[in-house]
Amino acid sequence: MTTLLQALVTGFGQGAIYALLALGYVMIFKATGVISFAQPALMVCGGLFSYHFSEEFGWPFWPALGAAVACGALLGAIVERLALRPMVGKPVFTLAIITIGVDVVLRVLANRYIGSQAKPVEYPGGNDLLEAGGVSITHQRLGLIAVTAVTLVALALFFRYSKAGLAMRATALDQETALAQGIRVGVMFALAWAIAGGLAAIAGTFIASGSVGIEQSTWLIALKALPAIIIGGLDSVPGAVIGGLAVGMIEALTAVYQPDVAPWLGANFALVAPYALMFVILLVRPYGLFGTKEVERV
Amino acid sequence: MSTPSRTPTSSPSPRPASVATAPGPTRHRPVRGRPRLRTSYAQDLALLNTPAKRRSTIALVVVSFLVPFLVTDDLLLVFTLGLIASVGTIGLNLVTGYAGQVSLGHAFFIGVGAYTGAILGGSEDASVVGYGLPMLVWLPAAGLVAALLGALVGPIAVRLRGLYLAIVTLGLVFLGDHVFREADSLTGGPGVGRRGAQLEILGIDFNASGMLLGLEISRAQRQFFLALVFLIVFAVLARNLTRSGVGRAFAAVRDRDVAAEVIGIDITRTKMLAFALSSFFAGVTGAMYYAVIGVFEPGAFGLLLSVQYLAMVLIGGVATISGSIMGALFITALPRISQELAHVVPFISESATGGGLLSVFQLEAILYGLLIVGFLIFEPRGLYGIWLRIRNYWKGWPFSY
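Residue numbers (our numbering), protein chains in the order written: chain A, 1 to 298; chain B, 1 to 401.
Every clue listed holds true.
Quick list of the computed label-pair ranges, beta carbon to beta carbon: (1) A/V261 x B/P190: 21 to 27 Å; (2) B/A333 x A/E55: 39 to 45 Å; (3) B/I386 x A/K90: 14 to 20 Å.
Computed list of chain B residues with no C-beta within reach of chain A, every gap over 12 Å: (4) L45; (5) T50; (6) A52; (7) A59; (8) V62; (9) A151; (10) V229; (11) G247; (12) S322; (13) N392; (14) G396; (15) W397.
A few chain A positions that, by computed beta-carbon distances, are all more than 12 Å from chain B: (16) H52; (17) A67; (18) H139; (19) T151; (20) F158; (21) F159; (22) K163; (23) A164; (24) Q175; (25) G182.
It is worth saying that the hints were derived from the structure and are not from the lab.
Here a beta-carbon is modelled for each residue, glycine too, at the ideal position from N, C-alpha and C.
Only chain B is shown next, with the shape it has when bound in the complex:
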């Protein structure tokens, strides 16, 4: 990149007179024909700081909105759940990837969100409480309740470091699991479960199919659109957070918390904020995910769920938003992938109890483990790292670098 001084048109002028056309005093426009020349920090930190990113993001969003018309409904449900899980993964990535606080307690916050959503937005029946409030109430409420509990973990995280913290958050999952099982007027109890919240916003019911904006749109397609918008909102929110002062404070605390404190970052506040934000994302994810799933029971929020989300973060890419989305989509699709594998590979049986070397469920579980170990050993940057390598290859093509 060339220095700004060689291009007089773009050099930041100290006099406001020369930038009078721009609305703000420090606003700099990209120079025509030199898209990668940055003349201000704002440009460097911009959300989509290269034209290629801008174009590919727009293309990706357009393609995503076309997906429901291209794939069958059962596959669409997998994508929908993957998109919703992406938000939870971004949440875990905020606290574990960006702020460096290892949390095995994500399942607990997802559970809190799921039940807050279900209680506020679900319908009442003989065994469980439900208030049937609109989605504009239960979705933020699910996030806020989870965030509140997350903020309570923050002070503990200040006192503890690293693996001590991991075990404490693990304890949180077990205590939460116990509460979810016992509070059966709220959760339906183990083996019974309850229905999730009602998916209805702005008069559109996402559990019904029918005409919408002049198009025949099925239930799965509606839910996919909802999940896509949901993800875009939260992904942009998270991306903006991480490129702002808050995100830099997270990174500083992750890299060396003593040094961060020395340069004036309030560690207690930052760690609390990290946990609260992460839990907010987990909470809204829980409410949405189980509203789409329908009936869910308290056993769903065990250690396995935490490990799954951790796997999404690690396989996707630590401290990346796009990686979180890739990881979540991939891991959510893993059951489906192992089912498809079972058709192809002869020694895998499709039933849970049948013969063969492994059943589908066992194959799925073993893939989790192997993928976690394999990615950490061979590509610690995850799927995002693989994408980077592909990108860099084509950047230099036909030269090797």
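Next comes chain A alone, as it looks inside the complex:
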């Protein structure tokens, strides 16, 4: 029982990272109709911004996180302006491939910075454990969950009450009508990318302050948010959060139970378990758990 609870708690922490990343994907998808494959690069860059501010400049963790979010948001907006804005109106497939290209370029630059040494960020009191009923969680994970929760609430408030949030919702609903109402749709695209970049930077920072720091292969983590958004539904914000948490927990549960229950699946099956889950869910519900079904006019 304790093993199960511990796995769920660990998975919840990891799931928070996936949820943040998944939210970034959904932001961009809702605003522009494109899945951004550049998210892994934005996450790695965000983590590296934090590293640079906290380890090179010697800033404390929280200001470094804030600055990294700002830089990540700026980076997202720049990517949108340079690589995607010229392509507005082109097929979404083309745009998605462009984001792959952007991702490759940014990651090469990031890898150049990383080099052979992992780049860790120190979280204040990071490895202290909080224990309750035989289940333990590090303060770093608690911080992550708290930050995720605050971010979610802030985003929800932003979309509900602010003028820009309303404009973004209008853009997501119908770009042309939004344009006709005087909303600057291009700016909304940039804003969506900026939010996604900021979310990716938070995720990147907490990955960097986790066990090993940012390595050359860290970007693969961000791809695991893709099953999360597919499970939740591409255009559903609550779906992204629930999908992210589900993926984190499935991963943790598989890591704990699969070696005993199904050893024939091989070592490290946990790393690909989210993809297997995605296949199962898609066969039952092709638009994810909370996604809206596409209606096609003939």
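Knowing the structure of chain A, use the given hints to seat chain B on it.
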């Protein structure tokens, strides 16, 4: 083009008596002196429908067969791999370019083909299984196994559209990667790898050099010829497919699948066929490519490989066969190009860890990204589009149009 009615000799006659000389009832020969006059659909859809195409294709094939005697062996290997990769690119173009189903899973099918080929055609050793079957068995088998798995993706593609499908095929790559890593009695496992299949057909060993047909032909030259014939066979096959009813069904599904269904195209069958065909091409490519490479390990079939093939399609030209070949040759030569660039450009170091602004490998990776973005923004038709523009310029020369 003038109308057929003005040229009595060429007008399609309803009476079979006037075409009695031709073998079939609807066979029409091109009119002498009017090479671009078409009098039947068959002529319009012909493989090489203009004399210029006919001549240039023949010239191109002849020149290609002369290439091995003109360039050094190390450069020849780059071309050989490019020719083999062309077949895989054509395969991806069939499903993504012609049928419009975005697939990021090409690396998986290439991997399946590579391992089927290696297991059936490779030799057995202490750690891996190998049956040492002849090439006439392992090459088709590699394609068929991959095609079978591809056909299984088809029904999923019917339920999903666009980017959902892209992510699902991406998941396929990760699951495949996991299986390849874990099944180490078949694949040798990560870091170890295994040898590819034995390249020997009709008694000719392509891994040895020596006398052949009275000529001293080296290993690299033999492999180049093999790859060239391999590509010609599959390119003609693909070209014929795309100009037949199957190809038109693909295009209809790509342009609007609901409309395609309304005019009587079986979508499930068409999408399954697209994935199966594409995977067949990927499978044979995988088996051939890694047979030429020699030793390969499971890490080769990751997302990067899929992106590379996608880059070949996009840079070459979506929904074109000749573009696929151009793109594949170009992308396969990219490592070599960036090495050559490193000699010329001062701030690029030639070693992986050395100083300088970028290493060769980083330059190569960054070129991928920039080329994908650049081509999509500035020339979405790819290298084929550039060729079209050159051709049209000279067609109208010395006038601008």
